[in-house]
Amino acid sequence: RVTTTQTLKSCTTPPAQSSNMNYGQRGRDLLMELKRSDFIPPYSDDGVRAALKEASLHFDELTDLANATSAASSSTAGSKRAGGPKGPPTHAKPAFLLHATAIKRNKRCLLAYHAHRINNLRLLRWEGTSILPPQIRSLLSETECEFFDEYDRLLSKQSMNIDLDLSSDLTPPLDEDFVSIRVVKSGIGTIVVEGGKTICLDDVGTIHHVRRCNDVVHLIRQGALQQLDCEEN
Amino acid sequence: TNRSCYPPFYARFRIKMTSYYDIDDILAEEEIIPCVTLFDFAHLSNLDPDHQCSYNAKKRRIDNETESSSSLRDTTLPEHTQIKMPLWAIDQWATLGFVSIGLPKHYRRSSRERIESEPATVDLRSKSERYFLSGMKIIDLVGRCSRAPAASLPNRRNARNPRRNAHANSISLLSRKCTKLRRMLQSTYSGERLRQTMDWTMNSINDDVSEYTKNLSLLERKLFDLGAVSSKDHYSWKLYGSKRIHVNPFRGM
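As they're listed, the protein sequences go chains A and B.
Note that the numbering used here numbers the first sequence so that position 8 is 1027, with each residue one more than the last.
Note that the numbering used here numbers the second sequence so that position 233 is 396, with each residue one more than the last.
Take the hints with a grain of salt, since some may be wrong.
[Claimed, not checked] Derived, one-sided and incomplete: chain A residues facing chain B with beta-carbon distance under 8 Å:
1. Arg1047
2. Leu1050
3. Leu1053
4. Gly1066
5. Cys1128
6. Gly1208
7. His1228
8. Val1229
9. Cys1232
[What the hints assert, rightly or not] Here are the simulated PhoX-like pairs of lysine-lysine, each with C-alpha atoms no more than 25 Å apart in a straight line:
10. A:Lys1072 with A:Lys1054
11. B:Lys340 with B:Lys300
12. B:Lys340 with B:Lys268
13. A:Lys1204 with A:Lys1123
14. B:Lys343 with A:Lys1054
15. B:Lys300 with A:Lys1072
16. B:Lys343 with A:Lys1126
17. A:Lys1112 with A:Lys1054
18. A:Lys1123 with A:Lys1176
19. B:Lys343 with B:Lys395
20. B:Lys395 with B:Lys290
21. B:Lys395 with A:Lys1054
22. B:Lys385 with B:Lys395
23. B:Lys377 with B:Lys290
24. B:Lys340 with A:Lys1112
25. B:Lys340 with A:Lys1054
26. A:Lys1123 with B:Lys385
27. B:Lys377 with B:Lys401
28. A:Lys1112 with A:Lys1126
29. B:Lys290 with B:Lys343
30. B:Lys377 with B:Lys300
Source of the hints: derived by calculation from the structure; they are not laboratory data.
By construction, the Cβ of each residue, glycine as well, lies at the ideal position given by its N, Cα and C atoms.
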């Protein structure tokens, strides 16, 4: 009993063209590599190139077929038939469809391969690793390293713009850590809270939502700041 | 893979894979479907496993000569040949009526009855690693075939075309089989096996359940992994509360 892998591979012709017509096996091999690995496998340059080559072979076959069929119909049935509104004759359609579908399949496999790796790189960045550790860098292609650097730059820039380190503090903040305060006395100046940020407490009457730290607690005790509870707001 | 320390809130940051990029979806379409050609396919004789011709020689001959229909016929896959192709390759052929498809062996009546009689212990992974996913895709294809008109059968002006009727009959027969298959898939997935999965993930976190999980298909295994992760998280929440900072699972492996 012949399985399809055998069917499709055994029909790949005498050894002279043995790399021809694998009908999507290369794409499948790439994806199986992804499934087998923990994080990402090393970038398979050969695999990608083989899949691309297979797609272009299919394309060549397709153009050959198209030329052959239009030539055939023009010689037998007169030039009206060739490439007419009905397209190629019915008995030739399956071959066209098969090659076109194989090309699309290769494309889909390649896109999924790259998309999966890129997604894992994004996840890696969200873990907080701004620099690629060398053992991961060796697994990536150059474009993927570039992608990681660009993404890192993007994320860091966004974090700086909103004054918040986006990739740390992934747990939601508990209420006990924060207090709402209103400035009552003037002339307090700026205080430094953890994380190195400074908060300017000069303007009387302003309300801030800050982390509870020693300075803030002292100031509340001294009466310079008034702690607000939810009910008073 | 040590997925048990995978924090649950990572789902928020995960880019949602649409089914185009989803690897399991792609691999589920690799399922081999037996089908029968409904007319001569030109140029595709190499799909026939028993075909002995030398592809090279024929191709050379066709390219060099001026076209004549006899030389085209040499590489033709004749009508009523049985071929086996992956699902993605015959998707369009089936909906256009070029081939008539059958069910793979592990979805046919004998397998179905065997599975229905003993759903809890049957080994689905050995039949097909993505048993449920591929099954659903096949059912979907058959549904589409029965809805699409078989418009591309070779032009026969005769309206009461026996070939067309035969094809329509075979499609409706296949649809009936698929209804039964769908029912079987649903009852297998959500019956005894689901109950066992729940049992194992909630009550036996520290036990070795690999003997059970090696019978599961991919969809069930994903469910099992999710359940195991949830149980583990629940357990660690009971011990440590929610203040524990999770270690990066990707940290350089």
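In ascending order, which of the hints set out earlier in this document are inconsistent with the structure? 4, 6, 7, 8, 9, 13, 14, 15, 16, 17, 18, 19, 20, 24, 25, 26, 27
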